[in-house]
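Peer 1: With the hints as your guide, set chain B onto chain A.
In order, the protein sequences belong to chains A and B.
The first sequence runs contiguously to residue 192 in this note's numbering.
The second sequence runs contiguously to residue 192 in this note's numbering.
No wet-lab data here; the hints were simulated from the structure.
The C-beta atom is built at its ideal place from N, Cα and C for all residues, glycine as well.
Covered stretches of chain A (chain B as the covering partner; in silico rule of three or more C-beta atoms under 8 Å from a C-beta of chain B):
#1 104-118
#2 163-177
Okay, the calculated bits of chain A under chain B, using three or more residues with CB under 8 Å as the criterion:
#3 139-145
#4 151-157
Residues from chain B that face chain A, not an exhaustive set, calculated with beta carbons under 10 Å:
#5 R119
#6 E140
#7 A143
2 protein chains.
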Amino acid sequence: MPAGRRPGDPHTRATILTAARLEFVDQGYNDATIRGIARRAEVDPALVYHYFGTKSALFVESAELPVDPRQVADESRQSGTGQALVERFLAQWEEDPDRPGQRFVAMVQAVAGSEEAARSMSEFLTERVWANPHPGVDDEGWARQRALVASQLVGTAWMRYVMKMEPLASASRAEVAALIGPGVDRALRREG
Amino acid sequence: MPAGRRPGDPHTRATILTAARLEFVDQGYNDATIRGIARRAEVDPALVYHYFGTKSALFVESAELPVDPRQVADESRQSGTGQALVERFLAQWEEDPDRPGQRFVAMVQAVAGSEEAARSMSEFLTERVWANPHPGVDDEGWARQRALVASQLVGTAWMRYVMKMEPLASASRAEVAALIGPGVDRALRREG
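Excised from the complex, chain A in its bound form (with noise of 0.2 Å):
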């Protein structure tokens, strides 16, 4: 038995999390659970509930969505950052090279599998990812704005890793940023 790791322990985060990503590879979101991902991380289930409280949090979490709220927002003020958060959108799930876009594959079989981690991941993006900065001024044009820029990047991801429709498939992400930017552009500059 191994010896099993503590919350105290800095990596322990981290493993649940690879861990959770493997599971949820290996069984499909609607088979994979707490315990199995405990089991694989070596630690206590009340662990993984400690930690992450639900299976729909984990998943989400171990997406790694690759978005921070406040630059989206900084950037959605600024003109010509649509090729920037492409490309960074694209370099997070290009992470392993010898599989790049696993990952997003791993998401969307998750997501088109499961009502319940859409609406995680659906409620992860509106309220924590892509939260209004102003809330009350002007929800609505944020929401179509924010709606418009995550249809184009996701729209773009299923083309290069899943469908593998050229030129997205072979073309390097500053060539697909180039594609894509200018429409994310004006998604973002829709709205002041």
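Peer 2: Coordinates of chain B only, in the frame set by chain A:
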């Protein structure tokens, strides 16, 4: 035992497609079989092969992509049609008012869950639905334009049907088309 349908029956093809759609939803692409689809359609498996050849061809056909190649080619030469294209694209997935987008969800599950299904769908889109109407003349530009339009359509459907992110989830088709259409227009006009 049901009498079974024969090749001459004008409804046989449609019956097989309906059965395939249900089978792909219930079993997922990888576990669905020609045999299972034939059983559901109450036909001989040989008849399914006769009409569709392979499971992946049947899958693509049963997804009924709502795009006519010549129409898209024509529309790409006009302006102001991105909106119509978006509206037509959405209408196709919302045929069943009780479960709008349910077939889109089934399609993305299959494509995200199987590299074979993804490859079939991608080949179908590039070679049959959106083949270059003037092969050789700027094939690259055509491919770029096609990838941009496809990623915007898929991204929009993903946000509306899978993630259910507002305002794309609750807006009318016309509202979504008005929001997304201009970007599709720009993608369509990028090449002359």
